[in-house]
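Q: Using the hints provided, position chain L relative to the given structure of chain U.
Chains as they are written, first to last, in this note's numbering: chain U, 1 to 340; chain L, 1 to 322.
Any given hint could be a false lead.
[Said to hold, decoys possible] Partner residues aside, some chain L positions facing chain U, computed with beta carbon under 8 Å:
1. A93
2. G110
3. Q120
4. A123
5. L127
6. G155
Hints are computed from structural coordinates only; laboratory data are not their basis.
Idealized CB from N, CA, C, for every residue including glycine.
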Amino acid sequence: MSTDVPVHVTRTRSGKPATFLEAIAEALWEEMERDERVFLMGEDIGAYGGAFKVTRGFIERFGASRVIDTPISEGGFTGAAAGAAHMGLRPVVEMQFMDFISPAYDVLTNYVATSLYRGAGPLPLVVRGPVGGGNRGGPFHSQNVEMAFFHTPGLKIVYPSTPADAKGLLKSAIRDDDPVIFEEHKGLYRAPHCRELLPQQDHVVPIGKARTALEGEDLTIVTYGLMVHRSLEAAAELARDGIRVEVIDLRTLLPLDEKAIVASVRKTGKLLIVHEDTRTGGIAGEIAMRINERAFEWLDGPILRVTAIDSPVPFSGELEDFFLPSVADVVTAGRYLSRY
Amino acid sequence: MSRDEIEDLLYQGYQGRRLEEGVRRSGFLQWPEHAVGIDTRSIVIARAMKHAVDGRGDLCCPGPMSPGPALAFGATPLEFLRQLAHRGTSPAAARAGGMSWTDLRRGLIGWDGASGMMTQVLAGAALAFAQRGENRAALVFESERALDTGGWHEGVNFAAARRVPVIVVLVASGSAGVGRVRQIEEVARAYGITAVSIDQDSHAGIFATLRAARRRAAVGGGPTLVALEGATDDRWRSHEEFASWALTEGHVTAGELESIRQAAAAGVDHAFARIVKEPGPEPHDALAAVRIGSPPLRPWTRLKSPRPDGVAEAPMEGPSVN
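So that you can see chain L by itself, here it is in the shape it has in the complex:
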């Protein structure tokens, strides 16, 4: 890892921690009990991918309640908070909630669907990379419970059959199904693909392992399954360990570490201050972007002079009923 990468990881880890603490204190936002993927190891995994802001980098689905990797792909605390607070300014315009959203230019794809479904979708995205001969790969975070779904296996089977460049991270969920993640080597063997376990690795080790997996995927080596345990046990412990390591190894000084922490905190605090003043969405936004060119009708009972047939107010096409 380069010094820049180490500093970025420290910064994003502090951002994540401040975000979670702030949400829990806010009283009006909710952070799911089993939020995963905010720990530094998830960020390290995402950092090992190729990043771009022009839609030509790797693609990452941060997973359910898993904002850490999104930070690595350029998401900002303000975007998270707007999403959580369903502000009209949120990336999904308050039409969809959750902690992830899609911004293909930055390589972010929202985790929207049943457990396992996003593995199918990212396998298809990786298929596109392979078809075009691009040096790109897809990364998806799933809860280990995805292992129990047919959809996840269908996605992995497709990815394995086409040997597409996708990396699937299975995160121990801390809820029912715990321990399933330990079976991924058997699963990977069944599909004829690679599995790596990174539980005992240092952050530098994780970074190197994922970089290797990414390189292998991008040259036709096929998918890789990654097991990530302990992400919910004490998600900040790994960050503190990483900070200590960076300090001990001389990558940062104590003063630099503190200034990184303060900068991250200031950014998050500023984002909190902004969202409390921002309005919710306009109700009419509920009619937007359902289908291209044919938005739904407004409720006729809310027209100025309601008539059941709507004839007095407008011609028959939906869009012009105002």
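With the rest of the complex left out, here is chain U:
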């Protein structure tokens, strides 16, 4: 096996800023070096290096037994990953696009998520892959899949927005004894503005903890993934109107950091939820209900949401831009809410 280390997993070691994608690759590389039980499975992740080249150079270093090119059968290899996890390994399954996770829905919800509950023991298993629109990928390469799994007790769902969180949370996910769905917005993968210096040491971010991406007094925006960046842009524009926005980056959707959300809403009295996922059945509904239960008396206005419209993700640029939530949408909602 080769001793060469691919450049894209050495940014932090070299003291250089890393992109979101490089942060993911660093996390995988470091965890595979740290723990020989960790192995990767997915379509074209070996010789080809994966559709987005996250695992380029991995097979040369770790070999074909730890970087497994699978048949095109997401259900089958996710089920196999479950079996390997039962036997003490720590599989990380890559969905080439997270849209393709649907064939594995059965095994993930009926088998993997219930394992601990059934007394079959913990099932440490990560299913990761690219999500999200804006790349003109159309209906089958652009979805956000979190809410398909959010309703399933037994799973964890992580959706980071920065390279540092992506790396730290992926390392946590791999070390977690629960199964974790790990979503990576492909619009962040190589985004220049996201590039950042990552901590040199073993960087781990705990699952289940939101972060305050921006502090403010007048209005809380709860969001995650790419929409954190859209919301921060909107917050900057709202600041010019004198509206001080607090942006909460959920980072983990399941379990939801209810404490952080409630604390912020009790401070600002107003809540806007922003997600790229479609509107009906989106996480905004759950968050609104939690605030209704926990902070109703603190609210000074209605809870609002800005989301994608209830439609499959369109292919054409014009249609997709209309479909996706924009900075202008968030600004409009923020101004509306500030008038209460």
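A: Structure of chain L alone, referenced to chain U:
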């Protein structure tokens, strides 16, 4: 087969028969109409694997309604009955039913999932054995109806592609899809793996065939498909034939055979006597072991002084809402 193995098989066959008869008589337990895998041949197949109690032996998924192989892997009648009666003391703590459960130390993995899914899971377990270079193999029993599922084919395809040490037994189900099991040689050929049919074999023959398949799997020979017909037609006939054979061949005397039968029956009867006195699960167990470190909230309407926000009773974390 050694004399010990023959005696064990006789004992476990009698156990299975007594269990089924007892369940049917009990009036409060149910044994599925199409229960398969309790017949002696299923037990023989499972006996041919490597057994351990420290998690280092082979792995067996006994299949749907298929407790026979589990007996061979060390499951007890008491555990079956607790599972069937959903007692709080059952291996799955009454949180999951069925006739199988997971105990990795004994090499048991519960059949929990859609038809065909466990072939995927056991293929993955076998992958782990191969990766670590362990002399271990996985065994999974599926109804022949699994042949009609995409999930089963995905599991077999994965197993074949990685040449992992897994043996897949397809049991004629006696329900819709009957006869599909006869096609496994064609299926195996398509995947480039081995198929064996054991319908005409004696129990000793079955044992030898499975031992060979296991040996082949454990040294990188890849998966084997096994067809098992007639398991539901008259599942005790094969056991009686086996007992007669053991008697005729001089492996046991009539007296020994009778004492084995009585010992098995006594154990099962004792288990029945115990479970009728055992309580059901505590309702609060429904909150346990969903996710590590974050059990679900109790219903707020059942708190001592219910308030919709739960504020008066507890801080916000779920676990401390009591």
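Q: Check the structure against each numbered hint from earlier and tell me which ones fail, lowest number first.
A: Violated: none.
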